[in-house]
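J.: Make the full structure from the sequences, and use the hints.
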Amino acid sequence: MSRGPLSLIVALFVCLAVSLFGENFIASNFAYYYDILITIGINVILATSLNLVNGYTGQFSLGHAGFMAIGAYASGSWSNNIDPIIFGYLGGSTSPLATNVCLFVSVLFAGVLAAIAGFAVGVPSLRLKGDYLAIVTLGFGEIIRVAILNTDFLGASRGLSVVGSYTNLFWTYGSVVLCIYVVLSLVHSTYGRGFLTVRDDEVAAEAMGINTTKYKVSAFVVGSFFAGIAGALYAHFKAFITPEGFNFFRSVDVVVIVILGGMGSTVGVTVAAVLLTILPEALRALAHTQFVPPAYQGLLENRLILYSLLLIILMLTRPQGLFGDRFASKRRFIRSRGD
Amino acid sequence: MDRLLEALQQLINGVSLGSIYALIALGYTMVYGVLRFINFAHGDIYMLGAYSGYLLAPLFARFFKFGQFDTFTPENTLFILSGAGLIMILSMAICAVIGVLVERIAYRPLRDRPRLNVLITAIGVSLFLQNMTQYRLGADPKAFPQLIPIQVVEGLGTMTVLTSQLAIIIATIILLIMLRLIVMKTKIGLAMRALSLNPTACSIMGVNNDVVISFTFALGSALAAAAGILVSMDSPSINPLMGNLPGIKAFVAAVLGGIGNIPGAALGGLIIGILETLVIAIGFPQWRDGIAFAVLIVILLFKPTGILGRIEREKV
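So the protein sequences, as listed, match chains C and R. Residues -6 to 332 (this note's numbering) are what the first sequence spells out, left to right. Residues 12 to 327 (this note's numbering) are what the second sequence spells out, left to right.
I should point out that these hints are in silico values taken from the structure, not numbers from a laboratory. Note that the structure is predicted; figures quoted are calculated from it, not measured. C-beta atoms are modelled at their ideal positions from N, C-alpha and C, and glycine is treated no differently. Careful: at least some of the hints might be erroneous.
[Said to hold, decoys possible] Far from chain R, by Cβ distances over 12 Å, these chain C residues were calculated:
hint	residue
1	L5
2	G15
3	S70
4	L121
5	A127
6	G134
7	L147
8	F163
9	L179
10	K207
11	F242
12	H281
13	T282
14	V285
15	S301
16	I306
[To be verified] Now the stretches of chain R that chain C is said to cover, found in silico as 3 or more residues with beta-carbon under 8 Å:
hint	region
17	120 to 134
18	249 to 262
T.: This is how it looks when you write it as structure tokens:
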């Protein structure tokens, strides 16, 4: 067996072992940190999958939260309607086998549905570039949200209660491992070099006979698939979802992670996801200590002020992010001389 | 006849809404013309325009007796209009300064970087303006002071046209004419047009490109501020996120008219406004925010250059 699949299996086993032996201990003794751990996992999935689209393929999308919403609502309503049937066969809602099977099926369903939505959105919008693509994906993300907001079946503005919070460390980090594995092996395969080509020079790629549209759409579909999975895990983690949880600012959160980590660097994006999940929590804790005057508490607690400054300062001083790859910096050099 | 009046009524509603979009869209299109990028933070300048009016009005409330007139009379009309006009001009000036500062601090250092970096910075600026406003002034909606008495314009039969709607339409016409004069008849307008055609040649001819770009930002921001004041006269509730949707719709309007094209932006704004009113009138008010995106997607797929835009070839 080659190294890639082997490390995937080892990593999955580590997740399983940690979940089997540590889950209950962490969840009952360190509930707050357990929540943060799961949130980190979900954010890593969102960010690494968006990185495939924004970073490796260079198609700047601002609608990731829309696909997350599709995943969350798909798995939520699937669980609410189908789970009781599965429970009937597998020994009731308390059996671990039944809950894990239910979670797996609903997460898979969510991912597939989000991927189909990603295909439907990607085919028309990926004909566009740069700023236009950003705004159109933003538009599609908002349309998805408005559509959910107007669908009574999905709870409309009241939100949707999801039966059973089955998300645990194994499924979250198992999905993280799978997502990173898929993205890395895609990008480092012979086929996947096409993604980088599309990013680095689309015209040249086309001249070399690469079907750029196919690459862009497949990156988008894979990205949406994992966004859907993240949404499903989120839905089964919070057990209650509202359309407001998937608005434009949610997409911005993910984009900020990708940019901080460095577009096109999976390691960087993973580190940034961990950092930016912990940072708002740490700042909130800091805001309530005696060192911070009450007048500045709001400043520290508002993560978006921090993110906005982070975006501006990063772009001014280090546009390739923390772990930006050499491709990005090389391209910048050529551009600045050529223009 | 009733049908006709109904249609005319909706048309007026649509034009007054579209005027707002047109004013904002002009800023997008002018900045695109000189810098070839989409100023994502433009919708927030519109929001800041409304907030400047909200903060300025109390300073002048005693002198101009804001909110104390219930109706327009021949004696007080000029007085009321000069008060509202003063607030509007001051807000426009404040936002022009903010626009220039944003360009100077955030965009200018990135002038020769890839366009994506500037777009990301613009998203950052937009978030910053929104959240700083939210932090300083609160996230809750604020009541905008009444600058002009809102009443139904008399003598139009069964149609209900409010004075605020009329103010929006008339102010927009005046501003559009002034903009046209600036762009076509002044030296700086000539420089703007030259810069949008060819920046290098323009600077060789002795034009200071930086000054022209700053001026363009000032002009666009002033128009957005005017839109913010006008919209707040009509629906007097303002909040820090009010610029998001109108900003995007105005961007759609600019693309619809042909981005970079000034008459096109005004035309696109009117079309989007009328379409949106139409969607509400035929009974789908909850989809009013979706129509702009639908228009954007259709236009980008079938005629990406917009109605009045010109084709730009991609050079390798």
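J.: Checking the smallest CB distance to chain R, is S70 (chain C) really beyond 12 Å?
T.: holds, 20 Å
J.: Is the nearest Cβ of chain R still more than 12 Å from the Cβ of V285 (chain C)?
T.: holds, 14 Å
J.: Quick one: see if chain C covers the region 249 to 262 of chain R, three-plus residues with Cβ-Cβ under 8 Å.
T.: holds (count 3)
J.: Would you say K207 (chain C) is clear of chain R, with no C-beta pair closer than or equal to 12 Å?
T.: holds, 18 Å
J.: Over 12 Å to the closest beta carbon of chain R is the bar; see if T282 (chain C) clears it.
T.: holds, 20 Å
J.: If we take the beta carbon of L147 (chain C), is the closest beta carbon in chain R still more than 12 Å away?
T.: Non-interface label on L147 (chain C) holds, nearest chain R Cβ at 14 Å vs cutoff 12 Å.
J.: May I ask you to check that G134 (chain C) keeps its beta-carbon over 12 Å from the closest beta-carbon of chain R?
T.: violated, 10 Å
J.: Over 12 Å from every CB of chain R: does L5 (chain C) meet that, or does the non-interface label fail?
T.: holds, 35 Å
J.: Can we confirm that no CB of chain R comes within 12 Å of the CB of I306 (chain C)?
T.: I306 (chain C) is in fact no farther than 12 Å from some Cβ atom of chain R, at 8 Å.
J.: Does H281 (chain C) clear chain R by more than 12 Å, comparing its Cβ with all Cβ atoms of that chain?
T.: holds, 17 Å
J.: Regarding the assertion that F242 (chain C) does not contact chain R, is the least Cβ-Cβ distance greater than 12 Å?
T.: violated, 8 Å
J.: Over 12 Å to the closest beta carbon of chain R is the bar; see if F163 (chain C) clears it.
T.: At about 35 Å from chain R, F163 (chain C) clears the 12 Å cut-off, so the statement holds.
When each numbered hint is compared with the structure, violations occur for hints 4, 5, 6, 11, 15 and 16.
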